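The C-terminal residue of the sequence shown carries number 543 in this note's numbering, and the numbering is unbroken.
It should be emphasised that the hints constitute simulated quantities derived from the structure, not laboratory data. From a predicted model like this one, the values you see are computed outputs, not experimental measurements. Warning: the hint list may mix true and false statements.
[To be verified] DEER-style ranges, computed between Cβ atoms:
(1) G332 <-> E286: 26 to 34 Å
(2) P69 <-> T196: 51 to 59 Å
(3) Q398 <-> P223: 29 to 37 Å
(4) Q461 <-> D220: 24 to 32 Å
(5) G123 <-> R244: 15 to 23 Å
Where a beta carbon is used, it is the ideal one built from N, C-alpha and C, also for glycine.
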Amino acid sequence: MRRGARAAAAGLALVLSAGACSGGGDEAGPISGVHRENAPSPDGAPGDDAERLPVLPERFTSQSVDWGPCGAPTAAQGGGEAPAPLPDGTPWECGTLTVPLDYGDPDGETLSIALIRARAASGGNRLGSLVFNFGGPGGSGVATLPRLSDAYAALHDGYDLVSFDPRGVGESAGVVCLSDAEIDALGQHDAGPPRTPAEERAVLDRARAYAAACQRNAGDLLPHLTTENTARDLDLLRAALGERQLNYAGTSYGTKLGAVYAHLFPERVGRTVLDAVVDPTSDVIERGLRQAEGFQLALDSFLDDCARFASCPVPGDGAGPEANRWLEELFGELARSPLPTADGRSLTGGLAVTGVLSLLYSEGSWDYLRRALAQAAEEGAGDLLLAAADSYHGRDDQGRYSTLHAANTAINCADFASRPTLETVRAREDDFAAASPVFGPTLAWSLLSCAGWPVTGTSDQPEVSAEGAGEGEILLLGTTGDPATPFAGAERMQRALGGDVGVLLTYEGEGHGAYTSGDPCVTRAVDAHLLAGTTPEDGTVCR
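Taking the hints into account, I'd like the entire structure generated from these sequences.
Put into structure tokens, the structure is as follows:
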């Protein structure tokens, strides 16, 4: 895939899948990667928004990172080869940052946050560090940044490129709820949206069972996986990097993290880009509805493009009822009779929907999607769509799952207060189907993902007002064809930030993320903002 498609796969975004598992239990389990130490009395603080929190000990606020060579990403991070040096020979360096597990108890347990960086050339052009979060939530920044480094070559001229595994992700005490074999088994029973009351209750029971497994295996960690805590980790990282202000680039969920950071530490906001912006004003149901509309819009664009090719398996002249019905019927048939694949697993209806959704994140994946649909419909094989679903779920070619899916659920459930019920989903299913006849039912039933979760957030809407962050410091990028974070979210984020803090640039294009699309207009605007402090006018449009 070209770089825009790779970035979309890394950003993976906001769709919650209803989990399922066997087993249960309420007892909290140990935390892998958490350490208990005897700490000195607090004598320092990371920021001025800590009325409710104890002052942090200096061992947190004055630490430095011991950088060293990087190994290959672990299975928890997604696997793969050790990162190769950049084309100019710059090596990748890895290290860890120590943060409190509970900022309300800084003398208690700690977490080790995994880090990676590629240093900029020393000299007069170096501007400092630029920290990336690629979204999810649940994506490993340590694994993702080297894979996307070609997209950030110009930024490396001025910045150390830095990323991290957020708490609960990858090698930062990554959440593990089920074994690889259990996750595979669950996928094989995924028949798509329920069709009977008994199947509806089974979806709810599976979500509750998954929550119980996560409580059993990672219970002590789950209350602390909020975006606010990760934002505080981000400020400790800023201090450890020796930066007075945080220069930051966030994509998808990373925009929510960046905005929460700006609210907590407005005076420490440096040059910031938020791309594929999350809507901070919606609740869980509205977010799901907007995503259903966004994915339907992306599907319609794909179908119009597909119709130009003789190899397109979808009937009709492009987007429309006939094409939608064809896809609905394909998914329904796969739910009843899954397709075989070369590795012995089957392509179920649910996995097929996931595969198609994942390939709509980027226009660069449309050719693959066209071939995958043709393989399923005409050859009776599910290998290509299953591979797309595997990538979305963080499964590598050895059958190992990263922490992506478990961390995604854990962070979202810790952040959001809403807990839609079975009755709520039944009442809103028609609204979702109207928003997207193809994906609406699946996204409606994913509203049960946090059912039975042992942690509940305080609000669906994060605090992101950031007056005092500086006029025009935050550049917001909204893409009109973004399926996962529809464009309206960028407009709402700009208003929520307040004042003249956010400047909005519109990219009239397709895909989840504007900068990695390679559009020259977007690239020039972002590079000028980050490298020269020259921010485009609010309302700038790139076509």
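Against the structure, the hints come out as follows:
1. G332 <-> E286: 26 to 34 Å: Holds, since G332 and E286 (Cβ atoms, about 28 Å apart) stay within the stated range.
2. P69 <-> T196: 51 to 59 Å: Given range 51 to 59 Å: holds, Cβ gap about 56 Å.
3. Q398 <-> P223: 29 to 37 Å: holds, 32 Å
4. Q461 <-> D220: 24 to 32 Å: The hint (24 to 32 Å, Cβ to Cβ) holds, given that Q461 and D220 are roughly 27 Å apart.
5. G123 <-> R244: 15 to 23 Å: Holds, at about 20 Å.
Of the hints listed earlier, there is not a single one the structure fails to meet.
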